[in-house]
Amino acid sequence: MIMSKNSMTSRVLGVFAVALGLIVAVVPHYVFPVCQYSGMLVQTMAGTYIPMRCYWTATAEVGLGAVIVVTGLLLFVSRHIETRMALGFVLGALGAVAALVPTYLIGVCANPMHPCRIATQPALVLLGMVTVIFAIIAIATARGAPRE
Amino acid sequence: MKGLGLLQLSRQNLRRRLFRTLAVATCLGLVTGILFSESLIAEGVQRSLQVGIARLGADILVVPYGQEMPVQTSLLTGEPTSFYMNRSVERQIAVVLGVERTSSQLFIASLQRASCCSGFFQLIAFEPQSDFTITPWLKSNLKRPLGSDEVIVGSKIFTPEGGELLFYGHRFTVAGKLEPTGMGLDAAVFIPIQTAYLMAAESIVKAERPLAIKPDQISAVLVKVDSATLPDIVASRITRNVEHVSVITSVRLVKSVGEHLSGLIQSLFLLTGTLWAVSTLLVGTIFSMTMNERRREIGLLRAIGATGRFIFKMVITEAALLTFIGGLLGVVGGGAIMFSFSLLISKSLEVPYLWPTFVQVSEMIAISMAIAILTGLLASLYPAVVASRMEPLYAIRSGE
Numbered sequence: 004m005i006m007s008k009n010s011m012t013s014r015v016l017g018v019f020a021v022a023l024g025l026i027v028a029v030v031p032h033y034v035f036p037v038c039q040y041s042g043m044l045v046q047t048m049a050g051t052y053i054p055m056r057c058y059w060t061a062t063a064e065v066g067l068g069a070v071i072v073v074t075g076l077l078l079f080v081s082r083h084i085e086t087r088m089a090l091g092f093v094l095g096a097l098g099a100v101a102a103l104v105p106t107y108l109i110g111v112c113a114n115p116m117h118p119c120r121i122a123t124q125p126a127l128v129l130l131g132m133v134t135v136i137f138a139i140i141a142i143a144t145a146r147g148a149p150r151e
Numbered sequence: 012m013k014g015l016g017l018l019q020l021s022r023q024n025l026r027r028r029l030f031r032t033l034a035v036a037t038c039l040g041l042v043t044g045i046l047f048s049e050s051l052i053a054e055g056v057q058r059s060l061q062v063g064i065a066r067l068g069a070d071i072l073v074v075p076y077g078q079e080m081p082v083q084t085s086l087l088t089g090e091p092t093s094f095y096m097n098r099s100v101e102r103q104i105a106v107v108l109g110v111e112r113t114s115s116q117l118f119i120a121s122l123q124r125a126s127c128c129s130g131f132f133q134l135i136a137f138e139p140q141s142d143f144t145i146t147p148w149l150k151s152n153l154k155r156p157l158g159s160d161e162v163i164v165g166s167k168i169f170t171p172e173g174g175e176l177l178f179y180g181h182r183f184t185v186a187g188k189l190e191p192t193g194m195g196l197d198a199a200v201f202i203p204i205q206t207a208y209l210m211a212a213e214s215i216v217k218a219e220r221p222l223a224i225k226p227d228q229i230s231a232v233l234v235k236v237d238s239a240t241l242p243d244i245v246a247s248r249i250t251r252n253v254e255h256v257s258v259i260t261s262v263r264l265v266k267s268v269g270e271h272l273s274g275l276i277q278s279l280f281l282l283t284g285t286l287w288a289v290s291t292l293l294v295g296t297i298f299s300m301t302m303n304e305r306r307r308e309i310g311l312l313r314a315i316g317a318t319g320r321f322i323f324k325m326v327i328t329e330a331a332l333l334t335f336i337g338g339l340l341g342v343v344g345g346g347a348i349m350f351s352f353s354l355l356i357s358k359s360l361e362v363p364y365l366w367p368t369f370v371q372v373s374e375m376i377a378i379s380m381a382i383a384i385l386t387g388l389l390a391s392l393y394p395a396v397v398a399s400r401m402e403p404l405y406a407i408r409s410g411e
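Each protein sequence line maps, in turn, to chains A and B. Heads up: the first sequence begins at 4 in our numbering, then just goes up one per residue. Heads up: the second sequence begins at 12 in our numbering, then just goes up one per residue.
The reader is advised that the hints may include incorrect statements.
What the hints assert, rightly or not - With the C-beta cut set under 10 Å, the calculated list includes, among others, these residues of chain A facing chain B:
#, residue
1, Pro-36
2, Arg-120
3, Gln-124
4, Ala-126
Claimed, not checked - In silico contact screen, one side only, chain B against chain A (beta carbon under 10 Å); selected entries:
#, residue
5, Leu-29
6, Gly-68
7, Gly-89
8, Thr-170
9, Gly-173
10, Ala-347
11, Ser-351
12, Ser-353
13, Lys-358
Hints are computed from structural coordinates only; laboratory data are not their basis. Glycine included, C-beta positions come from ideal geometry on N, C-alpha and C.
Required output: the full structure, derived from the provided sequences and hints.
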């Protein structure tokens with residue numbers, strides 16, 4: 004079977020999206036770990052220790068990364084232009100949310116010198132932006148594809 | 012040939028060989044990105060030192076003997092440190108020839124993981140009457156003297172203006188926040204020296220660990236040199252005339268950072284140079300191969316009236332466009348990474364860093380892009396000359 008150029012691009016973008024999803028899930032836990040992994044916890048008035056805000060961001064990013072992986076897989080196997088465009092929009096929205104979770108939706112620690120502020124947050128924002136760029140390319144190539 | 016635009020033709024040629032275009036652009040993007048990032052690091056460190064030293068306001072810093080390294084580390088990275096010497100040192104320095112003004116400061120490290128302290132910070136206590144570090148800022152920004160329980164914080168201290176900070180059991184209100192310098196001063200808390208002595212006296216009952224400072228103790232003497240004398244000369248005089256002190260000049264501080272960074276910058280420039288040479292060769296080879304593949308196309312273009320000059324310009328435009336895309340990729344990618352991770356890079360390299368000014372960044376972008384485009388032009392020069400000299404009939408036949 005000879006694959007059209009646009010279909011090939013869609014598959015390549017699908018592979019990239021899968022890789023991006025995996026990176027989004029892994030970064031806040033292993034590559035640029037959030038404060039929790041440096042033993043930084045918040046002590047409550049009762050004396051117990053609870054995780055900081057960045058920990059919940061890291062947890063949310065695992066879920067978001069997983070959904071990006073699934074979207075990438077669907078982009079890889081989808082043949083219809085409309086489906087590819089719709090998946091492109093979903094991927095773009097997921098990328099935007101991946102960047103917004105560490106900045107506005109959940110956020111990270113207030114201390115600008117904490118590891119989550121220095122490394123995790125910028126890394127997740129960059130990854131989210133790259134995901135959005137890939138999504139735009141996916142939508143643009145799907146729009147320009149001849150109908151099969 | 013006026014109907015067929017040179018730029019349009021080149022664009023089509025690049026789009027037709029998308030994989031080749033992307034591969035070459037990525038390779039050039041990598042070189043440009045590394046070069047641009049290096050320039051950003053070098054310029055950012057330089058700017059941070061300039062702004063930081065201007066904030067400090069002193070030409071010379073006199074500290075107890077053997078304390079120059081901890082002080083330098085604290086000034087550059089914000090690593091808290093404490094050390095003390097007798098106040099009489101300031102009087103000895105004030106009479107040294109060439110000294111215009113002096114001011115004492117007290118360096119106190121707050122307690123780590125203690126309920127009596129808001130965090131592990133460098134507290135810098137200053138003399139409001141003689142100070143030239145914070146007082147000029149207070150005059151132009153706060154427009155009133157600092158209250159006894161008020162503090163001014165560096166830009167990296169996350170407590171907002173009006174917020175409270177606790178040190179050694181003493182409660183302070185944040186009266187203002189300084190502009191970033193990229194240096195350790197950004198992570199420092201500035202308090203009036205009398206309050207620091209009071210805090211030390213109270214710490215016996217209020218703090219988890221007492222702060223043992225006597226009112227006749229200081230940590231450093233900041234010296235302003237008169238305009239007619241070089242700071243190095245005054246520094247030598249202080250070393251000769253005052254016992255048990257170490258002298259740090261602003262020039263020496265800049266030099267020490269330069270020495271610290273020189274190894275890294277040299278390795279990076281070596282890497283960029285190697286990558287640049289490889290990229291130039293790669294672009295040249297790819298263009299030579301492409302021209303070989305496109306003999307028939309070039310022959311046909313010549314046959315329908317394209318001059319050798321037009322073919323030459325076509326190849327050169329193609330190369331310039333390709334390298335422009337690569338350069339743009341590198342500048343955007345390198346810039347995004349540097350902008351996002353500047354704090355991490357500064358912390359890992361243990362150097363101060365402040366994002367360069369708009370003009371400086373624009374200059375660096377222009378230089379990086381110019382280097383990228385020049386690389387393309389240089390690499391495609393030979394293939395362009397060969398292609399422009401092809402005989403139409405020979406080119407069509409050999410390309411079949």
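Checked hints:
Among the interface hints, the one on A/Pro-36 is violated; its C-beta lies about 13 Å from the nearest C-beta in chain B, farther than the 10 Å criterion. Hint status for A/Arg-120 relative to chain B: holds, with the closest Cβ pair at about 8 Å, below 10 Å. At its closest, the beta carbon of A/Gln-124 sits 9 Å from a beta carbon of chain B; the interface hint therefore holds under the 10 Å criterion. Hint status for A/Ala-126: holds, given a least beta-carbon distance of 7 Å to chain B, under 10 Å.
About 8 Å separates the beta-carbon of B/Leu-29 from the nearest beta-carbon of chain A, less than 10 Å, and the hint is met. Look at B/Gly-68: its Cβ only gets to about 24 Å from chain A, farther than 10 Å, so that hint breaks. Residue-level restraint check for B/Gly-89 holds (minimum Cβ-Cβ distance to chain A is 8 Å; threshold 10 Å). Because the closest C-beta pair between B/Thr-170 and chain A is about 9 Å apart, less than 10 Å, the hint holds.
Checking B/Gly-173 against chain A: minimum C-beta separation of about 15 Å lies over 10 Å; hint violated. The interface hint given for B/Ala-347 is met, as the beta carbon of that residue sits about 6 Å from the closest beta carbon of chain A, less than 10 Å. A distance limit of 10 Å between C-beta atoms decides the matter here; for B/Ser-351 the minimum to chain A is near 3 Å, and the interface restraint holds. For B/Ser-353, the suggested interface contact is upheld, since its CB lies about 9 Å from the closest CB of chain A, less than 10 Å.
The closest approach between the C-beta of B/Lys-358 and any C-beta of chain A is roughly 6 Å, which is under the 10 Å cut-off, so the hint is satisfied.
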